[in-house]
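Asker: Let the hints inform the model, and build the full structure from the sequences given.
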Amino acid sequence: MSKVIANIRLFFQGAVLSYIALFAWLRPSTYIATKVVGPLAQILFFTLMGKFGTSGESADFYIIGNAIQITALSGIYGVTFSLAGDRWNGTLPYLFGTPANRMTMFLGRAVIHIIDGMFGVLIGFTWGVTLLGLDLSNTDPWALILVIAVTTFSTSGLGLMLGSLSLITRNVMFINNTAYFLLLVLSGSNIAIDRLPSALQAISNVLPLTRGIASARAIIDGATFRDVRPAMLEEIGIGIIYIMFGYVLFRWIEVLAKRRGTLEAM
Amino acid sequence: MKPGMLKAYIHVIKLAFIFTLKQSMTDAFILFGIFVQPLLIAIMALFILGDQGDELVIFIVVGSGLTGLWDSVLFQSGNSITRERWTGTLEVLVAMPTPIAVIVFGKNLAFVTQALGSMIVAYTFASIIFGYPLSIESPMLFILSIVLTVLSFVCLGLVLATLFVLNPDVQRWQNGLEFPVFILAGFLFPIAILPMWTTPLSYILAPYWAAVALHLSSSGKPNILEMGLPWVMMVLLGVLYLFLAFWLFRKMLFKARVDATLSGQ
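Chains as they are written, first to last, in our numbering: chain A, 0 to 265; chain B, 361 to 625.
There's no promise every hint is true.
Unchecked claim - Here chain B is said to cover these stretches of chain A; the calculated rule only asks that three of the stretch's residues, wherever they fall, bring their Cβ under 8 Å from a Cβ of chain B:
1) 3-12
2) 41-49
3) 173-180
Unchecked claim - Computed spacing ranges between beta-carbons, pair by pair:
4) Ile-564/B with Asp-220/A: 37 to 43 Å
5) Ser-495/B with Leu-94/A: 53 to 59 Å
6) Trp-87/A with Ser-495/B: 46 to 52 Å
7) Ala-552/B with Pro-229/A: 40 to 46 Å
8) Ala-552/B with Val-35/A: 46 to 52 Å
9) Leu-600/B with Phe-11/A: 38 to 44 Å
Simulated from the structure, these hints should not be mistaken for lab results. The structure displayed is predicted, hence computed values, not measured ones. Beta carbons are placed, not taken as given, at the ideal position from N, Cα and C, and that holds for glycine.
Answerer: And the structure:
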């Protein structure tokens with residue numbers, strides 16, 4: 000029983016401390032620039048391009064797509080940096096030297112970012128409604144929040160996997176940036192999935208966010224959660240698969256780094 | 361300034377340029393900004409802007425290349441002094457007889473020049489992968505516009521570099537400044553679709569005039585008079601940025617000496 004309590008404590012302490020450590024440099028202006036103004040500019044950029052273009056999609060298509068995609072700011076960058084930060088700050092050997100449960104430690108890194116990511120999406124929708132006239136009158140708010148929560152979870156799963164990669168590569172920013180922009184291209188946030196070539200549609204199908212964005216559009220269009228439940232179950236499944244991949248990678252890197260003595264190799 | 365001094369400065373700019381180019385070509389973060397991101401933006405723009413003829417494709421190629429140029433100015437040129445601080449080389453550079461502004465100018469020139477690669481990548485991609493028959497309608501005007509674009513962007517980079525060192529609160533807005541300039545400079549859509557009150561903001565940005573000049577010369581056959589306004593504006597703004605940058609450099613070095621914070625974070 001005490002072991003369970005210790006693991007729960009480790010889970011939550013790890014979650015909070017890794018978030019605090021990540022944002023040690025945080026000042027309100029940084030947070031506002033990154034999580035409030037940046038997403039607004041991204042939504043505006045793609046919505047205005049969509050208005051100028053002739054692809055036939057409505058402004059709402061881009062507003063919803065980008066508002067949901069913003070969860071990748073926390074899910075990809077935040078979660079990855081939470082893991083990579085241990086390497087940069089030299090705390091990785093201590094981390095791997097402890098007898099702490101690795102799964103608890105690993106999952107804890109994503110928790111606060113899931114909450115923060117959901118908050119980011121809500122900010123995105125606030126911009127959409129107040130500045131761009133997004134109509135939520137047919138929307139079941141609880142269903143939308145549930146979709147946001149599930150999508151943020153699955154995106155954080157990808158973030159955990161990429162975070163594990165950051166323990167063996169110096170180019171974590173390259174990986175993160177590429178993942179973020181590939182999600183912009185392939186998740187349906189800016190290009191309707193059926194317009195993509197079939198090979199890219201297949202990739203899109205195994206990415207987090209794809210089903211979340213489609214479900215959010217359906218919910219805002221008046222669908223109920225029951226309508227999008229199968230897609231959401233798949234989204235959860237995708238998130239779990241990424242987490243499992245990430246965890247296996249995390250353990251493998253630990254073993255490999257200990258064997259080779261390259262725990263802090265840069 | 362004595363002619364010998366000018367020659368020495370040009371030599372320093374050349375060395376800083378070559379050294380920065382070699383160093384940054386191994387930096388994956390820089391390579392992403394130059395090659396990957398503009399390419400992905402070009403792909404999205406090709407889908408979003410739809411099939412409006414070949415003229416629009418060259419507009420997209422130039423526009424997405426400009427996003428790479430702006431990213432380079434914002435994230436590389438903007439950090440060109442801060443990075444010296446991180447690596448502990450700022451004191452040495454400041455103590456040299458060559459003004460640090462000259463060295464930073466050479467560095468920024470390298471960042472902006474290599475960012476032109478983003479336009480070449482987008483061009484190659486659109487013509488080979490998507491099979492669009494792309495051509496620059498007015499090549500000579502385009503080349504001259506590119507030269508003015510590079511110089512005005514370098515000057516803007518000098519302002520950002522000093523501003524970010526002098527005021528870390530401004531640097532915290534770095535991430536938030538990427539897309540707003542994409543919008544205000546009209547890289548991928550005309551600023552006419554923006555509210556009127558944003559127009560003066562566009563006019564004080566050299567990237568806006570660069571986009572006007574490059575889009576005009578790549579998509580049509582403008583006469584010299586039509587090109588005159590964006591060219592003159594780029595020169596004027598470049599000179600203005602340069603004066604502002606030198607004033608900020610002096611302020612930065614004075615403050616660093618008074619507060620003894622040259623290497624401070």
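Asker: If a hint holds in the structure, say so; if it does not, say that too.
Answerer: Outcome of the hint check:
no., hint, result
1, 3-12, "violated (count 0)"
2, 41-49, "holds (count 7)"
3, 173-180, "holds (count 4)"
4, Ile-564/B with Asp-220/A: 37 to 43 Å, "holds, 41 Å"
5, Ser-495/B with Leu-94/A: 53 to 59 Å, "holds, 56 Å"
6, Trp-87/A with Ser-495/B: 46 to 52 Å, "holds, 47 Å"
7, Ala-552/B with Pro-229/A: 40 to 46 Å, "holds, 44 Å"
8, Ala-552/B with Val-35/A: 46 to 52 Å, "violated, 27 Å"
9, Leu-600/B with Phe-11/A: 38 to 44 Å, "violated, 54 Å"
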